[in-house]
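As given, the protein sequences belong to chains A, B and C, one line each in that order.
Start counting the first sequence at 315; every next residue gets the next number (the working numbering).
Start counting the second sequence at 315; every next residue gets the next number (the working numbering).
Start counting the third sequence at 315; every next residue gets the next number (the working numbering).
For the record, the hints were derived by calculation from the structure and aren't laboratory data.
If you're wondering where the values come from, they're calculated on a predicted model, not measured in any experiment.
Warning: the hint list may mix true and false statements.
Since the list can't tell identical chains apart, any single copy or any two copies may satisfy a pair.
[What the hints assert, rightly or not] DSBU-like mimics (lysine-lysine), calculated; alpha carbons at most 35 Å apart, straight line:
id : residue 1 : residue 2
1  : K434      : K515
2  : K606      : K691
3  : K515      : K412
4  : K356      : K606
5  : K412      : K684
As a plain string of letters, each chain reads:
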Amino acid sequence: MSVQAGDNNSGGIDFIRTGPGTLAGRYLRMFWQPVYVSSELKTGYAVPIRVMGEDFTLYRGESGAAYVVDFRCAHRGTQLSVGWVEQDCIRCFYHGWKYDGTGQCIEQPAESESFVKKIKIRSCPMQEYLGLIFAYFGEGDAPEFPRYPELEEEGEIDAGTYIRYCNYFNTLENGIDQAHVPFTHAKSNFTKFGLNWDIPKISAEETDYGIAMYGTRKNGIARVNHYLMPNILYIKGSPESSQEGWREAFAWRVPVDDLSHRSFNIVLAHVSGEAAERLRERQRQRDEMIAKLPSANEMAVRALAGQISVHDIRERPDLVNIQDHVAQQGQGAIPDRRAERLGRSDVAIILLRQIWLRELSALAEGRTMKQWRRPNKLVATSGV
Amino acid sequence: MSVQAGDNNSGGIDFIRTGPGTLAGRYLRMFWQPVYVSSELKTGYAVPIRVMGEDFTLYRGESGAAYVVDFRCAHRGTQLSVGWVEQDCIRCFYHGWKYDGTGQCIEQPAESESFVKKIKIRSCPMQEYLGLIFAYFGEGDAPEFPRYPELEEEGEIDAGTYIRYCNYFNTLENGIDQAHVPFTHAKSNFTKFGLNWDIPKISAEETDYGIAMYGTRKNGIARVNHYLMPNILYIKGSPESSQEGWREAFAWRVPVDDLSHRSFNIVLAHVSGEAAERLRERQRQRDEMIAKLPSANEMAVRALAGQISVHDIRERPDLVNIQDHVAQQGQGAIPDRRAERLGRSDVAIILLRQIWLRELSALAEGRTMKQWRRPNKLVATSGV
Amino acid sequence: MSVQAGDNNSGGIDFIRTGPGTLAGRYLRMFWQPVYVSSELKTGYAVPIRVMGEDFTLYRGESGAAYVVDFRCAHRGTQLSVGWVEQDCIRCFYHGWKYDGTGQCIEQPAESESFVKKIKIRSCPMQEYLGLIFAYFGEGDAPEFPRYPELEEEGEIDAGTYIRYCNYFNTLENGIDQAHVPFTHAKSNFTKFGLNWDIPKISAEETDYGIAMYGTRKNGIARVNHYLMPNILYIKGSPESSQEGWREAFAWRVPVDDLSHRSFNIVLAHVSGEAAERLRERQRQRDEMIAKLPSANEMAVRALAGQISVHDIRERPDLVNIQDHVAQQGQGAIPDRRAERLGRSDVAIILLRQIWLRELSALAEGRTMKQWRRPNKLVATSGV
Chain A
315 MSVQAGDNNS
325 GGIDFIRTGP
335 GTLAGRYLRM
345 FWQPVYVSSE
355 LKTGYAVPIR
365 VMGEDFTLYR
375 GESGAAYVVD
385 FRCAHRGTQL
395 SVGWVEQDCI
405 RCFYHGWKYD
415 GTGQCIEQPA
425 ESESFVKKIK
435 IRSCPMQEYL
445 GLIFAYFGEG
455 DAPEFPRYPE
465 LEEEGEIDAG
475 TYIRYCNYFN
485 TLENGIDQAH
495 VPFTHAKSNF
505 TKFGLNWDIP
515 KISAEETDYG
525 IAMYGTRKNG
535 IARVNHYLMP
545 NILYIKGSPE
555 SSQEGWREAF
565 AWRVPVDDLS
575 HRSFNIVLAH
585 VSGEAAERLR
595 ERQRQRDEMI
605 AKLPSANEMA
615 VRALAGQISV
625 HDIRERPDLV
635 NIQDHVAQQG
645 QGAIPDRRAE
655 RLGRSDVAII
665 LLRQIWLREL
675 SALAEGRTMK
685 QWRRPNKLVA
695 TSGV
Chain B
315 MSVQAGDNNS
325 GGIDFIRTGP
335 GTLAGRYLRM
345 FWQPVYVSSE
355 LKTGYAVPIR
365 VMGEDFTLYR
375 GESGAAYVVD
385 FRCAHRGTQL
395 SVGWVEQDCI
405 RCFYHGWKYD
415 GTGQCIEQPA
425 ESESFVKKIK
435 IRSCPMQEYL
445 GLIFAYFGEG
455 DAPEFPRYPE
465 LEEEGEIDAG
475 TYIRYCNYFN
485 TLENGIDQAH
495 VPFTHAKSNF
505 TKFGLNWDIP
515 KISAEETDYG
525 IAMYGTRKNG
535 IARVNHYLMP
545 NILYIKGSPE
555 SSQEGWREAF
565 AWRVPVDDLS
575 HRSFNIVLAH
585 VSGEAAERLR
595 ERQRQRDEMI
605 AKLPSANEMA
615 VRALAGQISV
625 HDIRERPDLV
635 NIQDHVAQQG
645 QGAIPDRRAE
655 RLGRSDVAII
665 LLRQIWLREL
675 SALAEGRTMK
685 QWRRPNKLVA
695 TSGV
Chain C
315 MSVQAGDNNS
325 GGIDFIRTGP
335 GTLAGRYLRM
345 FWQPVYVSSE
355 LKTGYAVPIR
365 VMGEDFTLYR
375 GESGAAYVVD
385 FRCAHRGTQL
395 SVGWVEQDCI
405 RCFYHGWKYD
415 GTGQCIEQPA
425 ESESFVKKIK
435 IRSCPMQEYL
445 GLIFAYFGEG
455 DAPEFPRYPE
465 LEEEGEIDAG
475 TYIRYCNYFN
485 TLENGIDQAH
495 VPFTHAKSNF
505 TKFGLNWDIP
515 KISAEETDYG
525 IAMYGTRKNG
535 IARVNHYLMP
545 NILYIKGSPE
555 SSQEGWREAF
565 AWRVPVDDLS
575 HRSFNIVLAH
585 VSGEAAERLR
595 ERQRQRDEMI
605 AKLPSANEMA
615 VRALAGQISV
625 HDIRERPDLV
635 NIQDHVAQQG
645 QGAIPDRRAE
655 RLGRSDVAII
665 LLRQIWLREL
675 SALAEGRTMK
685 QWRRPNKLVA
695 TSGV
């Protein structure tokens with residue numbers, strides 16, 4: 315691996331814009347992407363979703379299966395998410411055209427001579443896995459759905475999501491950046507677990523699946539994080555309570571549009587039985603407490619506007635999230651990367667950009683792209 | 315009449331944009347347009363109004379007469395609506411220039427050598443009729459003010475307005491579309507009166523005044539609606555209470571700008587004496603109830619954002635209005651009509667577009683346009 | 315002096331836009347500008363500020379000194395105002411780069427081979443004076459900091475600020491316009507002091523420091539105001555209470571961006587001892603009362619939208635400010651000056667524009683600009 319500190323020239327290749335037809339958008343669309351938290355989509359309900367600048371309709375049929383179809387009815391363009399879910403079909407709110415989960419129109423109630431066979435709207439392959447709904451937005455057949463054995467062990471799964479009002483690449487880069495932890499999260503519950511006690515020496519290497527990142531502490535012990543191409547972070551996450559062990563934490567960063575993205579998170583806590591019961595109770599209490607507070611995003615916006623100081627925010631369960639909001643939105647929704655001055659501690663970020671530059675260049679020029687493969691089991695470590 | 319299903323090619327003629335100088339804007343400005351509800355403009359008060367992308371000042375003089383004049387003072391451009399109404403004149407808030415209802419400047423208090431004769435701002439002919447204030451925004455003399463004998467019979471008049479955040483043409487098309495009623499309004503008080511019991515067979519024909527539309531039910535009885543060019547709907551409206559009969563309901567759809575419009579509605583209920591008293595009391599209660607609820611537009615916005623389901627909204631007096639909001643804003647503020655797939659049930663919409671295409675083409679090319687004439691009395695029917 | 319009524323041709327010279335590189339922006343940047351109220355910047359805190367379309371970080375070090383530095387960290391562009399103030403330095407929230415008050419980077423904690431010497435961000439000269447923080451944003455060395463002896467006499471200083479959502483030039487012109495007072499402020503506490511009793515005859519002359527303006531009342535007595543180039547108004551301000559005398563009132567109008575600006579105000583009341591105590595107590599009560607009311611800007615926005623009438627707003631301590639908001643925002647954020655019809659009462663405004671036109675033309679063409687000089691003591695008078 316050769317990494318030049320300060321080299322972040324992307325040679326005219328744009329990682330930022332991911333709308334239809336963009337280079338980065340075409341690349342991200344080659345992979346399965348999470349789009350919703352399973353538990354938030356009730357049977358018989360439909361919702362609008364926006365992914366990489368495109369709008370879709372997501373609904374859960376009466377069988378319990380979820381479907382991703384076009385945003386609008388083919389008839390007169392009404393938003394399908396306001397329609398009726400009937401069995402595993404969706405019916406338009408305006409004139410009742412009905413589509414099955416493949417997007418095939420199967421009813422035009424007001425037409426005496428129906429032409430349903432001519433009408434098919436877009437639908438996307440989808441999978442539900444570990445509490446998230448994934449879809450494939452690319453061309454051609456979907457690739458095999460990837461599994462994550464690190465998350466399939468015994469324990470408690472917690473799936474969630476949040477939106478952040480900056481480009482997804484800000485958060486991609488933050489995720490592989492261990493050097494920010496002792497600063498951005500200086501005042502956080504990371505202190506209890508030693509994650510922010512000293513400034514690690516950073517190194518990173520390209521692997522078959524993406525990047526392995528190392529943050530070596532003064533005592534010589536390294537925290538090992540993994541970045542799975544194109545947009546997944548895997549770290550050993552700190553417990554919420556000292557009664558639990560460290561967790562497996564995966565995060566997908568999925569563009570909503572160029573100015574915002576969603577993180578989809580799956581965390582596996584290695585607990586069972588009564589300990590699992592206590593964990594669920596703590597999470598329930600945490601969610602209740604957070605629901606009563608101003609949102610993490612609202613706090614970040616106030617801090618960036620100078621209305622409050624981020625340092626004065628009292629301990630709350632999502633404080634680390636607020637701190638990341640502030641740091642990442644604080645770079646601007648689309649930062650000017652040409653103004654940066656990178657150092658040796660930024661080697662992981664430099665490597666990430668080199669890989670994206672290489673892969674997007676290959677895509678642009680029709681050359682072979684790297685086929686990412688993951689080993690049977692990845693091991694992330696806390697370093698403490 | 316020849317209507318080709320699916321023909322919605324507008325041949326480069328734009329129905330959507332109505333700002334000054336646009337083709338559709340020039341056409342709409344040839345007709346009197348309602349701009350305000352009479353009862354909402356108090357004597358001695360001025361308000362700003364926006365009509366087809368242009369701003370004006372509307373005020374009611376101390377004589378009780380209303381006036382439409384330019385938005386800004388000719389002196390230094392201050393918005394006149396914040397000025398003082400004095401007798402039937404308006405005085406600017408900034409330096410006191412005073413204008414009469416014709417827009418003629420009649421005072422410049424700070425000028426020792428007044429040049430009022432050189433200063434005249436725009437004013438528009440106006441008429442107050444059945445609870446609405448109408449104005450004429452076109453060039454040259456205003457045409458004769460049209461009367462609506464259907465609304466002048468004995469009974470109770472109710473005049474009102476609402477704003478919808480999509481192009482006026484969405485709502486024009488919705489108004490002549492009987493096929494949406496059994497879907498969009500499936501769950502509504504229409505059920506009580508049979509308006510949404512079956513899917514009517516649609517037909518339409520051009521008339522001297524616009525379009526006559528027929529929705530024929532399974533029992534062979536047709537509901538007859540009328541569309542009066544360029545932007546008026548006349549239907550037989552359902553009672554709010556079973557103690558009343560059907561009503562005469564007129565609606566004008568007037569662009570605020572290209573992304574929003576106002577409906578101005580006049581409804582005549584055929585009641586008098588004590589029944590009229592009861593109706594007014596019910597309307598007072600209805601208005602009170604609605605004032606306490608989130609607005610129809612707010613409900614529609616939430617439904618379209620997926621925060622609530624339109625199907626879960628409880629019965630409320632303006633539920634039909636919310637449903638129309640959802641269907642019409644759900645097409646997008648300016649829909650892409652090229653993506654539509656029209657059928658036989660859309661013949662009225664197709665005819666409407668053909669007429670607009672023909673008339674706007676004639677206007678663009680300086681050819682004679684059709685002179686719309688209405689019969690002494692139009693009859694709309696409920697079909698039930 | 316030759317002033318042609320109605321001449322407001324600016325010959326292609328733009329007074330309005332003040333972003334970096336614009337002509338008016340280059341001109342304004344040649345002068346010290348106030349940016350913050352001293353008492354609102356606590357020791358150890360940083361805030362983001364926007365001045366003439368540029369963002370900066372303002373912080374007060376532990377020594378009590380304030381500093382203006384670049385908006386973003388040179389490392390990865392994070393907004394510095396969310397960082398830590400340490401002694402008189404600021405440390406970035408993301409990776410801890412630390413800068414001193416000159417903008418020199420002095421720490422890169424995660425870098426084993428620090429390159430701090432190569433890193434220096436922008437900093438601006440600043441001065442704190444009479445309760446305001448001033449900075450110099452121009453090129454080269456800052457000019458000598460100007461003092462205002464009229465404000466340095468014995469008495470009580472009150473420094474404050476407000477934002478107005480229109481171009482700064484609207485307010486510049488309003489400040490030198492005595493003719494608006496009997497109209498815009500017809501219903502205000504000016505009545506108590508006679509400021510709005512009659513319409514003054516306006517004259518104005520260019521001076522060594524800017525413009526002297528005279529508003530001569532019917533009794534022959536003139537109110538004398540001063541305009542100090544490029545953006546300062548000095549007037550004799552009315553007392554808040556009849557127990558006090560007239561005040562010295564200075565106001566700087568500083569663009570935030572092209573669509574909004576801040577007024578920074580310093581008022582000297584000629585009181586001392588117990589009278590000063592009573593004044594502070596009244597001001598404390600005034601601030602408390604205002605804090606409970608909808609903001610002046612909110613009231614102005616409602617009045618301009620026609621939701622309330624400015625004439626119906628009840629007496630409140632900032633009513634004059636609300637009236638000015640309405641008059642100036644009511645001209646539009648960037649008014650179309652070509653549509654104006656100026657008269658003899660606008661001679662001060664015409665003169666102001668002529669001076670700006672002349673000075674900006676000289677700047678554009680590299681010619682010598684007038685060097686503004688103020689006398690040792692200016693005298694503003696109430697005229698009553």
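Each hint, compared with the structure:
{"no.": "1", "hint": "K434 / K515", "result": "between (55 Å within a copy, 24 Å between copies)"}
{"no.": "2", "hint": "K606 / K691", "result": "neither (39 Å within a copy, 58 Å between copies)"}
{"no.": "3", "hint": "K515 / K412", "result": "between (58 Å within a copy, 19 Å between copies)"}
{"no.": "4", "hint": "K356 / K606", "result": "both (23 Å within a copy, 29 Å between copies)"}
{"no.": "5", "hint": "K412 / K684", "result": "neither (42 Å within a copy, 40 Å between copies)"}
Violated hints, in rising order: 2 and 5; the structure is consistent with all others.
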